[in-house]
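Novice: Here's the letter readout for the chains.
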Amino acid sequence: MKKITTPLTEAAVKDLKAGDSVLITGIIYTGRDAAHKRLTDVLKANQPLPVDLKGQIIYYVGPAPAKPGYPIGPAGPTTSERMDPYTPALLAYGMKGMIGKGNRTPNVIEALKKYTGVYFAAVGGAAALIAKRIKKCETVAYDDLGPEAVMKLTVEDFPVVVVNDCYGNDLYEEGMKKYRKV
Amino acid sequence: MKEVKYQDIVNTVAKLCIDSNCLIGDDIINAFQNGLKVEESPTGKDILKQLIENAEISRNEMIPACQDTGVAVVFLQVGSGVKVVGGELFDAINAGVAKGYKDGYLRKSIVSDPLRRKNTGDNTPAFIHTEIVPGDSLKITVAPKGGGSENMSEIKMLTPAAGWEGIKKFVVDRVMRSKANPCPPIIVGVGIGGNFEKVAYLAKKALLRDIGTVHPDPFYQEKEKELLEEINKTGIGPQGFGGRVTALAVFIEAYPCHIASMPTAVNINCHAARHKTAVL
Chain A
1 MKKITTPLTE AAVKDLKAGD SVLITGIIYT GRDAAHKRLT DVLKANQPLP
51 VDLKGQIIYY VGPAPAKPGY PIGPAGPTTS ERMDPYTPAL LAYGMKGMIG
101 KGNRTPNVIE ALKKYTGVYF AAVGGAAALI AKRIKKCETV AYDDLGPEAV
151 MKLTVEDFPV VVVNDCYGND LYEEGMKKYR KV
Chain B
1001 MKEVKYQDIV NTVAKLCIDS NCLIGDDIIN AFQNGLKVEE SPTGKDILKQ
1051 LIENAEISRN EMIPACQDTG VAVVFLQVGS GVKVVGGELF DAINAGVAKG
1101 YKDGYLRKSI VSDPLRRKNT GDNTPAFIHT EIVPGDSLKI TVAPKGGGSE
1151 NMSEIKMLTP AAGWEGIKKF VVDRVMRSKA NPCPPIIVGV GIGGNFEKVA
1201 YLAKKALLRD IGTVHPDPFY QEKEKELLEE INKTGIGPQG FGGRVTALAV
1251 FIEAYPCHIA SMPTAVNINC HAARHKTAVL
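Keeping their order, the protein sequence lines are chains A and B. Numbering of the first sequence is given in my numbering, commencing with residue 1 and proceeding in unit increments. Numbering of the second sequence is given in my numbering, commencing with residue 1001 and proceeding in unit increments.
Rather than coming from a laboratory, the hints here were simulated on the basis of the structure. Treat each hint with caution, since some may be false.
[Unchecked claim] Below, a list of computed lysine-lysine pairs in the PhoX-like style, where the Cα atoms sit at most 20 Å apart:
1. A/2 to B/1102
2. B/1045 to A/67
3. A/67 to B/1102
[Said to hold, decoys possible] With the Cβ distance kept under 8 Å, some of the chain B side facing chain A (calculated, not the full set):
4. 1051
5. 1129
6. 1130
7. 1133
Small disclaimer: the values here were computed from a predicted structure and weren't measured. Here a beta-carbon is modelled for each residue, glycine too, at the ideal position from N, C-alpha and C.
The following block holds chain A by itself, in its conformation from the complex (with noise of 0.2 Å):
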């Protein structure tokens, strides 16, 4: 099991192999398809993004609402695929890590490589252990997009395994292969 805190260096990233359990302490921002659309465009407009995003990990999630004294309700991740069209652009950018889950597209993986940088899953469906390692939650941009605003989490021991990582390599392929018995 690997520690990491954030923001990540080059360096952490270059640390990480496809298949790390790793856990992550630090903060993380949320984004789902809504927010990273707008990132991408104020990327494009040359216009600075609200939050920085540099070295940064996104996470892909729309929580649930919270009960009474929860900081955040049930956040397990969502499919990632979905998000990959805006992807290289951020990772361009100097964002570093994302955490979701299922399979990124060949140029998203190719971009991880090119800027150096992380694909991480959670497991889906293990929202209430997730929520239990989020220790904080606010909203820090796209307020007007509800459950799919940008917030920042503060975040202790997050539990993820590396999918893909900065040298090519992808955990659903080899896991897959090497447990197949067709």
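Assemble the complex: chain A is given as a structure, and chain B must be docked to it using the hints.
Specialist: Just chain B now, with coordinates in the frame of chain A:
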């Protein structure tokens, strides 16, 4: 005629929405535990342990196991001797869904139009399937269904010549192409027969069975076993990280069909296979 009160239906549906999302069934937890015994991948084992812990947190604190608390799919068996008083049956179901999703802090995931995509704000409308049955009771099953696994589902209008081998190939291929997206370990509902619209319903209905139950027809018992073995040879494993436990169960629902047809549908469910039933 037996009278069933509108408000009793509302309250029952609300409770079923909350309970189904927060109280993961013993059958699922047992299946995770059995999976731990056969899983060869260390990461896979770790995932199964996390899912058991997740289910415990969810049950103890009454918070949803998954943030995608789904479409409220409601199956009704309405006894022909039942009369709803104080309002309309479907209105009561929708009022119950709205109440349950609000009171239970469940996520509202329904948009009012597929292209204009404005959230309805209360997770209605419910998707209601109704059967009229003999008797004087009203049986309500709420089965919330998440989007990630639903998106991996498919119908194929196979023809009789494809035979069992054709069905097997289609089902296993559908799971292979889904990879990590439906949050494995999955439960696979397979509808065979009927026609285009009927077969999708059969696949969905198949998902209502508890893990560990066997098909009443020994012929399909064998088929379910065969499909489960084939799917668990793919190597996809828990969360798609590689491993033995790709599916926890395969359930088949078959129905008569046209001489020229053999429609087949695969409805994939994530491990948060939620369904709760009440009888009024």
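Novice: Against each hint, give a clear statement of whether it holds in the structure.
Specialist: Hints, one by one, checked against the model:
Simply put, residue 2 of chain A and residue 1102 of chain B have alpha-carbon atoms about 39 Å apart, too far for the 20 Å limit, and the pair is violated. At most 20 Å may separate the alpha-carbon atoms for a hinted pair to count; residue 1045 of chain B and residue 67 of chain A exceed this at roughly 30 Å. The suggested pairing of residue 67 of chain A with residue 1102 of chain B holds, with an alpha-carbon distance near 11 Å, which does not exceed 20 Å. Hint status for residue 1051 of chain B relative to chain A: holds, with the closest Cβ pair at about 6 Å, below 8 Å.
Look at residue 1129 of chain B: its Cβ only gets to about 24 Å from chain A, farther than 8 Å, so that hint breaks. Among the interface hints, the one on residue 1130 of chain B is violated; its C-beta lies about 28 Å from the nearest C-beta in chain A, farther than the 8 Å criterion. Annotation: interface hint on residue 1133 of chain B violated; nearest CB of chain A at approximately 33 Å, more than 8 Å.
Of the numbered hints stated above, those contradicted by the structure are hints 1, 2, 5, 6, 7, listed in ascending order.
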